[in-house]
Amino acid sequence: MNAVAPRTNADEAQVADLRRFDPQRLLALVRKESLQALRDPSTLLIALVLPVVLLLLFAYAVSLDARGVRVGVVIESQGASALALATAFSGTRYLDASFAHDRREVANQLVSGELRGYVVIPQDFERRLVQRGSEPLVQIITDGSYPNTANYVENYARGVVQTWRAGLDVAAPAQTVELEARFWFNPELESRRALIPGAIAIVMTIIGTMLTALVVAREWERGTMEAVLSTPATVVEILIGKLLPYFVLGILSTLAAAALAVFVFDVPLRGSLAALLLLSAVFMVPALGQGLLISSVTRNQFLAAQIALFTGFLPAFILSGFLFEIDSMPAPIRAITALVPARYFVDSLKTVFLAGDIWPVFARNLLAMAAIGAMFFALARRATRKNLE
Amino acid sequence: MGSAPQGAEASTAAVVIEDLGKHFGDVQALRNLNARIHYGRLTGLVGPDGAGKTTLMRILTGLLVPNAGRVAVAGYDVVRDNDAVHVASGYMPQRFGLYEDLSVMENMRLYARLRGMDVEHNVGLFAELLDFTRLGPFTQRLAGKLSGGMKQKLGLACALMARPRVLLLDEPAVGVDPVSRQDLWRMVQALTDEGMAVVWSTAYLDEAERCESVLLLNQGQLLFDGPPQELAAQLEGRSFRLEDVGAERRAVLTQVLDLPSVSDGVIQGAGVRVVLREGADVEPLQALADRTKVRLGAVPARFEDAFIDLLGGGPGGTSALAERMPPVELGSDVAVSCRNLTRRFGDFTATDNVSFEVQKGEVFGLLGPNGAGKSTTFKMLCGLLRPTAGEAHVVGHDLRRATGEAKSRLGYMAQKFSLYGLLSVRQNLEFSAGVYGLEGGARRERIEEMIATFDLGEWLSATPASLPLGHKQRLALACSLMHRPPVLFLDEPTSGVDPITRREFWTHINGLARKGVTIMVTTHFMDEAEYCDRVAMLSRARLIALDTPDALKRSAASPERPDPTMEDAFIHLVESGERGMEAAA
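Going down the list, the sequences are from chains F and X.
Residue numbers 980 to 1368, in the numbering used here, belong to the letters of the first sequence in order.
Residue numbers 1483 to 2067, in the numbering used here, belong to the letters of the second sequence in order.
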């Protein structure tokens, strides 16, 4: 071998250093990546503008609470009791009642979607009320094409009628048990308070998985990866150099979103900021790992974006318990959610914002996120070799 | 290692390749390769597209692992001492591999640090590299905003960080204009003088001729290893030129190429250059010269002659496509014209007051350095871009008012062929027929005709990406000719295409021109400029020269250079044009 070509001593010394992790090279890569991220308007758009837009959307536009649902109340009977019941419908802020004397008027409005349901107080209402043994009849018609709202209108109208009836001592059976409900963590049951912490998880998924998948795939696509691979930089340095800036960006974005949630949208932060940061940092591990894996396998920005959308963003949206409660999903879907890192993060975020530092809950979730993250990184490391094979 | 031969000759080898084999699935990219590359020498890695040049380059850089054999670079085995190879070698990939959103200086700093250099302590090397590449005034410019030639120089500067002993350049001159190319040559020459081993891969044969040594690859096999002159010498006495053929040169070339004794022929200005087959008699060619009343003279053999001959000679001279094409009838003799054509992008003027007229049946070339405004002018002429001022006409239609009519009378073939990768060959043909408004029987007939002419029958259900390069080019040409346009626009149609495929392409173009089709073409290949009837030379957005190739060459003649090449003429015109503009400013 020695006969083939002379090596120099300087070379030997440098080669000996090679396999060692070199902070100088890592720093150079981190600096390059940060410069690129700062110069690329789309990165900043995704990292800073998108969170604000999403939070505003979830705070104001999306609401799972039904308030002021438009219903009609048809008063066919002219009796005093019937009028009193009708007034009870207008006394609640959850329903927005409009009154009519003919059911044909409101039926058309239901068909055209102006009303979500209507209540008919029939002509014989007074008579039945007075007659012993015969219950007064009230009809409730709802729009079945909005099943949730229909259910809600039915239950609420029933409740109004029952409350009104309880108020009359005439024939009502004496109540033996009184139920008094309390909603912990979110006493006013405002969905905004539960949604905004979840929205932070969505934002982090976008930055961690989508952005990372795109920027690494871009290096392959533009041919810059080939040039970097031909330098002495190691794979670990290249990957960490790629991820570190996005990790920092993700944490900054979380902080901004949390500040927005607390100071603008009145979401309480009952736990500690340290716990929030720890949770976010650990969630970035599976999010970045997934992005890295996707880009290493596809090496193509378009494909990477599509796969990140279907395996990262949509599960975080649908299967994390952010919009739809996991407990009400069928068992097979529930099993799938166990693999969605966002699920553990949403749970943790809700806890840290609405309940406080509950470490047993955090520990469980941190462990799960770290485990999924480790799996992604192991797979990504295998998929990225220091050559083009 | 025991297998490496000992001795003084071996100790100077920068690269040792022994029994190298590499395959991708069933495709054998390299087979049984044995070669040595030496320090202090410029070695050309030459071959047609798909010969395995890039694969070999990537193996030398340690980015691909050989399936068989052994490769050592600067004494390190590319597999076992992979890390060491990355230290000892500098590599410039075929595609620009630098960060376009980083500035020149930031890119250089990044690569310096990745190669373990302390930037603060190497200010001298930076200054030297900037001076060497003449990038000094542009250190703050983003790499993406550099011209093609400047990008390559920056790539070279980055590959030279930490002074590698082996420099590997994969097609560094593709898409680079002659002026920048000359700069690259100068830089590489200086490096080899310092003792560096430089490997330059190329499909340009005039470049191969300038290398001190070449490795000629074809279909993964080494055909020749040695100085290019040695290969050219084998062809001595077989190269001739028919002088001053003039207007009939396309017809003469067709006849020449159809002679069984002829291996290769190209147009050079008003003349036709011919290479005879091995052992062939000059008599039939002489007879042809006598018949057409032109003088036949012997000329020195070029590397390119030997190259084409080694690969079995060029294609025939008859274009099946042009045979079937009916002669073009136009109302006027002027096919394309523009007057005071100007296009500004913000403050930047890309095309400045350009005027010319192109006759029917003319092959008209548009040449210029990168960033001179060729593409902008070209796009305005085929209606893809609106001029800021001035006007342009195609077969009498004003491109500003009747863009649609004008477009229906022109065919356009974009760089890189722009075929639809997800459609099959037949679907690509059907799409272009549909998009040009062919319907029913006429459409079926025309598609079948294209398939028969270009011999695409067995590829109909294949995707364009899987076609051999020559067929891909035929398909692109078929798509742009579907509606039999009287004017054909070709935007760098042969960039990155090997010499054999290019010859086939020009056979079609010559045939079309003889049928009266007007051809507008941009190119970086100076030998292709020779095929043109007239050449317009653009520099810094202005038209600096417009004449026949021979007249342009004559204008660059000087006592030191009595017989300048097209490339010399190009460099001379661009440089004197720039001096003129600076003097005016």
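Because the hints were derived from the structure by calculation, they are not lab data.
In this text, all values refer to a predicted model and were calculated from it rather than measured experimentally.
Beta carbons are placed, not taken as given, at the ideal position from N, Cα and C, and that holds for glycine.
Just to be clear, a hint being listed does not mean it is correct.
What the hints assert, rightly or not - Here are the simulated distance ranges between beta carbons:
no.	chain 1	residue 1	chain 2	residue 2	range
1	X	1947	F	1123	17 to 25 angstroms
2	F	1289	X	1520	51 to 59 angstroms
3	X	1939	F	1289	53 to 61 angstroms
4	X	1577	F	1289	27 to 35 angstroms
5	X	1827	F	1013	29 to 37 angstroms
6	X	1903	F	1013	33 to 41 angstroms
7	F	1130	X	1908	36 to 44 angstroms
8	F	1088	X	1947	54 to 62 angstroms
9	X	1520	F	1013	39 to 47 angstroms
10	F	1087	X	1905	22 to 30 angstroms
Unsatisfied constraints (hint numbers, rising): 1, 3, 7, 10
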